[in-house]
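Heads up: the protein sequence lines correspond to chains A and B, in order. Residue 1 is where the first sequence starts when you use the working numbering, and the numbers rise one by one after that. Residue 1 is where the second sequence starts when you use the working numbering, and the numbers rise one by one after that.
Rather than coming from a laboratory, the hints here were simulated on the basis of the structure. Treat the hints with care, since some could be wrong.
Unchecked claim - Some chain B residues judged to face chain A by a derived CB distance under 7 angstroms, without partners named:
1. R186
2. Y264
3. V271
Claimed, not checked - Restraint-style ranges between C-beta atoms, simulated for each label pair:
4. W590/A <-> D257/B: 53 to 59 angstroms
5. G416/A <-> P226/B: 47 to 53 angstroms
6. V424/A <-> D24/B: 35 to 41 angstroms
7. E193/A <-> A45/B: 57 to 63 angstroms
Said to hold, decoys possible - Dumping the calculated SDA-like pairs for lysine to any residue here, alpha-carbon to alpha-carbon at most 25 angstroms:
8. K40/B <-> M181/A
9. K40/B <-> D54/A
10. K53/A <-> A187/B
11. K53/A <-> F4/B
12. K51/A <-> A187/B
13. K40/B <-> K222/A
14. K40/B <-> D262/A
15. K51/A <-> R47/B
16. K40/B <-> R263/A
17. K40/B <-> E265/A
18. K40/B <-> G57/A
19. K40/B <-> R431/A
20. K40/B <-> L112/A
21. K40/B <-> G600/A
22. K40/B <-> E106/A
23. K577/A <-> F461/A
24. K735/A <-> R47/B
25. K51/A <-> Q2/B
26. K40/B <-> P754/A
27. K51/A <-> P46/B
28. K40/B <-> F461/A
29. K40/B <-> A678/A
30. K40/B <-> H264/A
31. K735/A <-> L44/B
32. K40/B <-> I666/A
33. K40/B <-> R676/A
34. K40/B <-> L114/A
35. K40/B <-> L260/A
36. K40/B <-> K577/A
37. K53/A <-> Q2/B
38. K51/A <-> Q43/B
39. K40/B <-> Q110/A
40. K40/B <-> E103/A
Idealized CB from N, CA, C, for every residue including glycine.
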Amino acid sequence: MGHVVPRPDAVAKVTGAARFADDYDFPGLLHGRALRAGVPHAILKRLDVAKAKDLPGVVAVLTAEDIPGERNHGLVIHDWPALVGVGEKVRYVGDAVALVAAERREIATQALELIEAEYEPLPVVSDPVQARQPDAPLVHESGNLLKHIKVRKGDIEEGFAQAEVILDEVYHTPTMEHAFMEPECSIARLTAEGRIEVYVGSQIPYADRDQIARCLALPPEKVRVIGTLIGGGFGGKEDIAGQIHAALLAQATGRPVKVLYDRHESLLVHPKRHATQIRVRLGVKRDGTLVAAQTELYGDSGAYASLGEKVMTRATTHSTGPYIVPHVKADCYAMYTNNPPSGAFRGFGVTQSCFAVESAMDQLAERLGMDPVELRRKNALRVGSVTNTGQLLTESVGLLECIDRVEAEMRRLSGGRDPFKPQVVPGAPNRVRAWGLAVAFKNTGLGGGAPDKASAEVELFTDGTAEVRTSSAEIGQGLVAVLQMIAAEELSLPLEKVRVLLSDTDLTPDGGPTTASRQTYVTGNAVRLASDVVRQAVATTLAEKYDVPPEGVRFVEGLAQVNGHSVPLGEAVAMMKAEGREPKATYEYWAPKTQPLGTGGDMHFAYSFATQAAEVEVDLETGEVRVLRVIAANDVGRVINPLGLQGQIEGGVMMGLGNALTEEFIVEEGRVITDRLARYRMPSIVLTPQIIPIVVEHPTGEGPYGAKGIGEISSIPTTPAITNAVYHATGVRVKRLPVDQDWLAREIARRERPQDV
Amino acid sequence: MQPFEYHSPRSLPEALRLLQELGDGARLIAGGTDLLLRMKQGQLAPRALIDLRRAAELHGISFSPEEGLRIGAAVTLRELQRSPLVRDHCPCLCETASWMASEQVRSLATVGGNLCNASPAADLAPPLMVLDAQAVLVGPQGERRLPVEAFFLGPGQTALDRGELLKEVLVPPTPGNALYLKHAPRAFMDIAVVGVAVHLRMERGLARAVRIALGAVGPTPLRAGPSEALLEGSAPTASLLEEAADLAARACSPIDDLRGSAWYRRRMVRVLTRRALDRLCAASLVGEGT
Chain A
1 MGHVVPRPDA VAKVTGAARF ADDYDFPGLL HGRALRAGVP HAILKRLDVA KAKDLPGVVA
61 VLTAEDIPGE RNHGLVIHDW PALVGVGEKV RYVGDAVALV AAERREIATQ ALELIEAEYE
121 PLPVVSDPVQ ARQPDAPLVH ESGNLLKHIK VRKGDIEEGF AQAEVILDEV YHTPTMEHAF
181 MEPECSIARL TAEGRIEVYV GSQIPYADRD QIARCLALPP EKVRVIGTLI GGGFGGKEDI
241 AGQIHAALLA QATGRPVKVL YDRHESLLVH PKRHATQIRV RLGVKRDGTL VAAQTELYGD
301 SGAYASLGEK VMTRATTHST GPYIVPHVKA DCYAMYTNNP PSGAFRGFGV TQSCFAVESA
361 MDQLAERLGM DPVELRRKNA LRVGSVTNTG QLLTESVGLL ECIDRVEAEM RRLSGGRDPF
421 KPQVVPGAPN RVRAWGLAVA FKNTGLGGGA PDKASAEVEL FTDGTAEVRT SSAEIGQGLV
481 AVLQMIAAEE LSLPLEKVRV LLSDTDLTPD GGPTTASRQT YVTGNAVRLA SDVVRQAVAT
541 TLAEKYDVPP EGVRFVEGLA QVNGHSVPLG EAVAMMKAEG REPKATYEYW APKTQPLGTG
601 GDMHFAYSFA TQAAEVEVDL ETGEVRVLRV IAANDVGRVI NPLGLQGQIE GGVMMGLGNA
661 LTEEFIVEEG RVITDRLARY RMPSIVLTPQ IIPIVVEHPT GEGPYGAKGI GEISSIPTTP
721 AITNAVYHAT GVRVKRLPVD QDWLAREIAR RERPQDV
Chain B
1 MQPFEYHSPR SLPEALRLLQ ELGDGARLIA GGTDLLLRMK QGQLAPRALI DLRRAAELHG
61 ISFSPEEGLR IGAAVTLREL QRSPLVRDHC PCLCETASWM ASEQVRSLAT VGGNLCNASP
121 AADLAPPLMV LDAQAVLVGP QGERRLPVEA FFLGPGQTAL DRGELLKEVL VPPTPGNALY
181 LKHAPRAFMD IAVVGVAVHL RMERGLARAV RIALGAVGPT PLRAGPSEAL LEGSAPTASL
241 LEEAADLAAR ACSPIDDLRG SAWYRRRMVR VLTRRALDRL CAASLVGEGT
C-alpha cells in the first residue's frame, strides 16, 4: 500500500497485444449499422427498407416494429428509443430509425443509403434557456423540464440583507466531448443454450444487461455482458451505445453481429458534458465572510434524460463552492433540447459550476480588495462545517491544507513577486505571465439517498494465487492495480499472485457503476472485506489443524505461520478443499447511507477536496494562452497507488486545460458541427504544462485504508485556475468557455485602443 | 463512399494518358489526406482515381546551383521536412512542413497535394511564393512553368488545364532569408487561421528582394505588394516595419468563419508580418557583419 506499482495492463496496451471489443472475431460475424435520422426534431413519416433488404449481402434490416420488448432504454428514465418508429418523433440527429446487418461493413453502409426515410420537420429547441420559455416547442410530451433541482439553506433574503458587498455574474460553459480513444463497439451472439452474449467495453455492465434484456423481452439471466478492455470512458460509456442494436440483430439473424461506431457516429450519438448557463450571486461582509449565495443554473440535457438529473443535481449542490455559507438558494433547470443528449462526464456537473463559482470568488476578492487565496481560506469548509445541503462534516476535510500547500509552492515559484500581478517576459514585451488559483470539492459515491453498494468475490487456489472478481470497469483509471493491491495487502500475498477479473455478468458479482469516483472506495472495500473473510476461513482451517486459536495464525508473504510451522497458502487452500470448504467468499459492501437532497443530513459519505494554481503566459497581441505550470493538491484520504494517482492528476489537469482553452463541441440548431475529431481541439503534448502534484491525506473513516475518490476532483479546479490566471495577466475576465484567442485578443485590444476594435 | 476504379500508373506518361482517357470523372490522388476525406463525406464521388505515387518522375528532391531546388509533386511533407538538401538551401520549407498537420498525416500528404488542393490556407503556398518558386505543369502539350502565385485562381481552383498535372516545384537559389509564421489555435494539428511568409536580404543596410505572402486571408494566397514596395531598398526602422505590417493587414480580404473573425485575421496579419520582418531583419543584419 502506498508503493509505486505499474499497472498490470500497461504492457499489453503499449505493445498492442491488448484486446478491445473490435479485436474480437467470431465465425460468421455480421456487421451491423444504424441509420441515423440526421434531423434534430421531426416526425418520421415514412420508412421504406425494401431496397436495402434486397441488396446482396444484407442479412437483416430491422425497424422499430421488430423490437420484441420495450422500445425505450435509459439509465434512470426509459425515454430513449432504441429505434424511432413511423409516426414517432425524432428528437436529435443521432436517433436511430433502422438497423442493418450485412456480411461486410461496406455492404451495411451501402444498405443504409438505400433506406428511404421521410421526415416532417418540427421547430428545434436548441438551448436550455429557450427550452424553458412558455412558447417553446416540446421535445417530450411531458414538457421540456427534466428536473427543477433546489438547494435551500437558511433565509436567502436575510442573507443578502446582511451582505455589505454583492456580486452578481453569469457564466457559460459549452457542450464537451469525452473523446475517449476507442469508439464504441459491441458484439452480440447467441449461445448454444439460447442465451445472448454481448462483448462491450462498458462502465456499467449490469445496467447494460438489464437494458438489453428489456428491449429483447428476455429475462436478464438470458443475457450475459462480457466486458472487454476499454479505451477510455470518462463517463461516456455509461449509457447504451450499440449494445441493444447488436443484440437485436443477433437475435434476428442467429449470427454474431458487430456494431462498431466510427468517430463520426460516436461524436453524433453518445451523451456529452452538459452545456450550462450559471448565474452566481454572492453576498459578503467587508471582511470577506460569505453570508449569502444564490445560484441559478440551466443545464442542456439534450434529447434524452440519460443521467442528466443526477449530473445537474451535482452541479447544483456544488454550485456555491466548498465554502461555509449560512444562507443558500440554488435553483437548477435541467432541460430537454434537440441537441445530442448530455450525461456523465468526469466531474459530473461540478466542472461547470466550479468554473462559475471560482471565477466569482476571484471577482469578489478583487471587489473587496482582498487576496483571493485569503478569501477562500476564510470561507473554506473544514471539520465542523455544515455544507449547503445541511451536511455536518465530521472528518476528512483537507481543503485548508490543500490551499496552504499550493499557495506556499506558488509563492516559492514566484520568487517573492506577487503571483497575481502580471509579469512581462524579459525580452518579449508582448508576453505577460501571472498565476491564478481555484479550489474545488467533489463527492465520492452516488449519494443523495441512492443505495451505493458493490460486491466482490475473492477466491484462493492451490497454486497459492488469488483471483478477485467484480463487474466494476477499468476505464483507464487504474482500478485493476488498486484492487490487486488491496487483495494482496489483506491476504499477505505478493502482488503478482493476485489476478483481477472484471466486468462479466456471469462470472463477476455486481460492483455497481464505474462513476462518481466511487470504485476505490466502494468496490475497494468489497474486495478488502471479501479478502478478509477468505483469510479468516484459511486461519480457521489451520487453527483447527494445529489446534491453536485462529488469531494465532499469521500471514506473511504467501505463507501462513502457525505454531512454528510455515504453510504455503496453496497448501492451506488444499487442506480447506479436502475438508470440503470453499476457499472463496463474496462480500456485498454497502457504503454508509446517504440522504436525499432537501432532507438535510449526509447527502454524501465522503468528499474529496482540491486546490490548483496555474501559471499562464498570454500573448497580448495574438490572444494565445500557454499554461506553463500547474500546482495540483488533492485530498484523496489515503494514497493506494501513487503512480495511478499521478496519472489521474496529470490526466485530470490536461482535461481541465482543454476545457479551459481549446475544446468545444459545437451544435447549431440541433446540427452537429463538430462531427469529426479534427474539429474537436484537444490539447496535445506540446501544450502540456509542468504539473506539480501535492498529495494531501485526510483519511475518511469508512474508506479502504482511509481512501476516497480522485478520478474527478483532479480535473475540476484546473479551468478556473487558468481563467483566473488569464485575468491576472490581462485584466480580461473569462465568463464563457473555452477562452477564444480571437475574443481575448479583441478584449485586450479594446482596453488598449478602444477605437481600433 | 461510392465504388470507383483505381489506377496506379508506373510512369508520368502513363498517368497523363490515363488522365486523358478517363476525363472529368477521374481524380488524381497522391497522399489522399484531403481527397479521401471528402469522398468519405460524400462531397466527391469520382468514377476513377489515378494514383500518382508510383510515377518516379514525380518523386525526389534535387539541387543544382543554376536551377536551385527541384521538389517532386509526390514528395511527402515528411520527406520535405527531413530533407538535408532542403534544410541546406531552403530551411524555411522544412520548418513550414513541421508546422503542418501531424506526423502521421505528413507521412502521407504531398507537396503537390497541398498546392493542387488550392486551399487559401495551404501552408506551403506563402513560403513558395516568397521564394519565387515556379510550378512545373505537364500535360498532353508538354511542360509549362508558372510562378506559384499564378497557380492559384480561387478556392479549390488552379491554373491546371484539363489533362494537366503538377509535376514539380522549382525553387531558385536565393541569397536571402525566408520565414513562414503560422497561427493556429493549437500551434499545430490545426489549419492556419493566418499564415505569413516573408523573404528579404539585407545589402549594406538596405532591404532587398522583399517579398511578403499571406495565407488564409483571401480567396487565394496573396502577395502584400504595397508592403513590399515600401520596404524594397529601404533601411528598415521599427516604424517602417510597423507601417509595412499595417499595409499588409490592409492588403488582405479576410472573412469571418469558424476558425476566426475577419478582424482577428487582419490583426494577425499585422502581428505576424511585423514579427517575421523583425526576425529577418535581425537575422540578416547579423549575417551582414560576417
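For each hint, the structure was consulted:
1. Annotation: R186/B was flagged as interfacial toward chain A, and the flag holds, the nearest CB pair being 6 angstroms apart, inside 7 angstroms.
2. Nearest Cβ of chain A to the Cβ of Y264/B: about 4 angstroms, under the 7 angstroms cut. The hint holds.
3. Satisfaction of the interface hint for V271/B is found here, the shortest Cβ-Cβ separation to chain A being roughly 5 angstroms, below the 7 angstroms cut-off.
4. The given range of 53 to 59 angstroms is respected by W590/A and D257/B, whose C-beta atoms sit roughly 55 angstroms from each other.
5. For the pair G416/A and P226/B, the supplied restraint of 47 to 53 angstroms holds, since their beta-carbon distance comes to about 49 angstroms.
6. In this structure the supplied range 35 to 41 angstroms is violated for V424/A paired with D24/B, their Cβ-Cβ distance being about 58 angstroms.
7. Restraint check, E193/A to A45/B: a C-beta distance of roughly 47 angstroms breaks the suggested window 57 to 63 angstroms.
8. Restraint check: the Cα-Cα separation between K40/B and M181/A comes to about 21 angstroms, which is no more than 25 angstroms; the hinted pair holds.
9. For the given pair, K40/B sits about 24 angstroms from D54/A by alpha-carbon distance, which is consistent with the 25 angstroms threshold.
10. At most 25 angstroms may separate the alpha-carbon atoms for a hinted pair to count; K53/A and A187/B exceed this at roughly 48 angstroms.
11. At most 25 angstroms may separate the alpha-carbon atoms for a hinted pair to count; K53/A and F4/B meet this at roughly 23 angstroms.
12. A distance of roughly 48 angstroms separates the Cα atoms of K51/A and A187/B; the hinted pair therefore is violated under the 25 angstroms criterion.
13. For the suggested pair K40/B and K222/A, the alpha carbons sit about 39 angstroms apart, so the restraint of at most 25 angstroms is broken.
14. Proposed proximity of K40/B and D262/A is supported: the alpha carbons are some 12 angstroms apart, at most 25 angstroms.
15. Distance check on the hinted pair: K51/A and R47/B sit about 23 angstroms apart at the alpha-carbon level, within 25 angstroms; holds.
16. The suggested pairing of K40/B with R263/A holds, with an alpha-carbon distance near 12 angstroms, which does not exceed 25 angstroms.
17. Restraint check for K40/B and E265/A: satisfied, since their Cα atoms lie roughly 13 angstroms apart, inside the 25 angstroms limit.
18. The suggested pairing of K40/B with G57/A holds, with an alpha-carbon distance near 21 angstroms, which does not exceed 25 angstroms.
19. A threshold of 25 angstroms between alpha carbons decides the hint, and for K40/B with R431/A the separation of about 42 angstroms lies outside it, so the pair is violated.
20. Our distance criterion of 25 angstroms between C-alpha atoms is met by K40/B and L112/A, whose separation comes to about 14 angstroms.
21. For the proposed pair K40/B and G600/A, the alpha carbon gap of about 55 angstroms is over 25 angstroms, so the pair is violated.
22. Restraint check for K40/B and E106/A: the C-alpha separation of about 12 angstroms stays at or below 25 angstroms, so the hint holds.
23. With a C-alpha separation of about 10 angstroms, the suggested pairing of K577/A with F461/A holds against the 25 angstroms cut-off.
24. For the proposed pair K735/A and R47/B, the alpha carbon gap of about 50 angstroms is over 25 angstroms, so the pair is violated.
25. For the suggested pair K51/A and Q2/B, the alpha carbons sit about 17 angstroms apart, so the restraint of at most 25 angstroms is met.
26. Taking the CA atoms of K40/B and P754/A, the gap is near 46 angstroms; set against the 25 angstroms cutoff, the hint is violated.
27. Pair hint K51/A plus P46/B holds up; C-alpha atoms about 24 angstroms apart against a cutoff of 25 angstroms.
28. Between the alpha carbons of K40/B and F461/A the distance comes to roughly 53 angstroms, so the proposed pair goes past 25 angstroms and is violated.
29. Using a Cα cut-off of 25 angstroms, the hinted pair K40/B and A678/A holds, with the two alpha carbons roughly 15 angstroms apart.
30. With a CA separation close to 11 angstroms, the supplied pair K40/B and H264/A stays within the 25 angstroms bound.
31. With a CA separation close to 41 angstroms, the supplied pair K735/A and L44/B exceeds the 25 angstroms bound.
32. As the CA atoms of K40/B and I666/A are separated by approximately 21 angstroms, the hinted pair is consistent with the 25 angstroms bound.
33. Taken as a hint, the K40/B and R676/A pair is honoured in the structure, with Cα atoms around 12 angstroms apart against an allowance of 25 angstroms.
34. With a CA separation close to 17 angstroms, the supplied pair K40/B and L114/A stays within the 25 angstroms bound.
35. Simply put, K40/B and L260/A have alpha-carbon atoms about 17 angstroms apart, close enough for the 25 angstroms limit, and the pair holds.
36. Between K40/B and K577/A the alpha-carbon distance is near 61 angstroms, which puts this suggested pair outside the 25 angstroms criterion.
37. Distance restraint check for K53/A and Q2/B: the Cα-Cα separation of roughly 19 angstroms lies within the 25 angstroms cut-off, and the hinted pair is therefore satisfied.
38. At most 25 angstroms may separate the alpha-carbon atoms for a hinted pair to count; K51/A and Q43/B meet this at roughly 23 angstroms.
39. Under the criterion of a C-alpha separation no larger than 25 angstroms, the hint pairing K40/B with Q110/A is consistent with the structure, at around 12 angstroms.
40. For the given pair, K40/B sits about 20 angstroms from E103/A by alpha-carbon distance, which is consistent with the 25 angstroms threshold.
Hint check: violations occur at hints 6, 7, 10, 12, 13, 19, 21, 24, 26, 28, 31 and 36; the rest are consistent with the structure.
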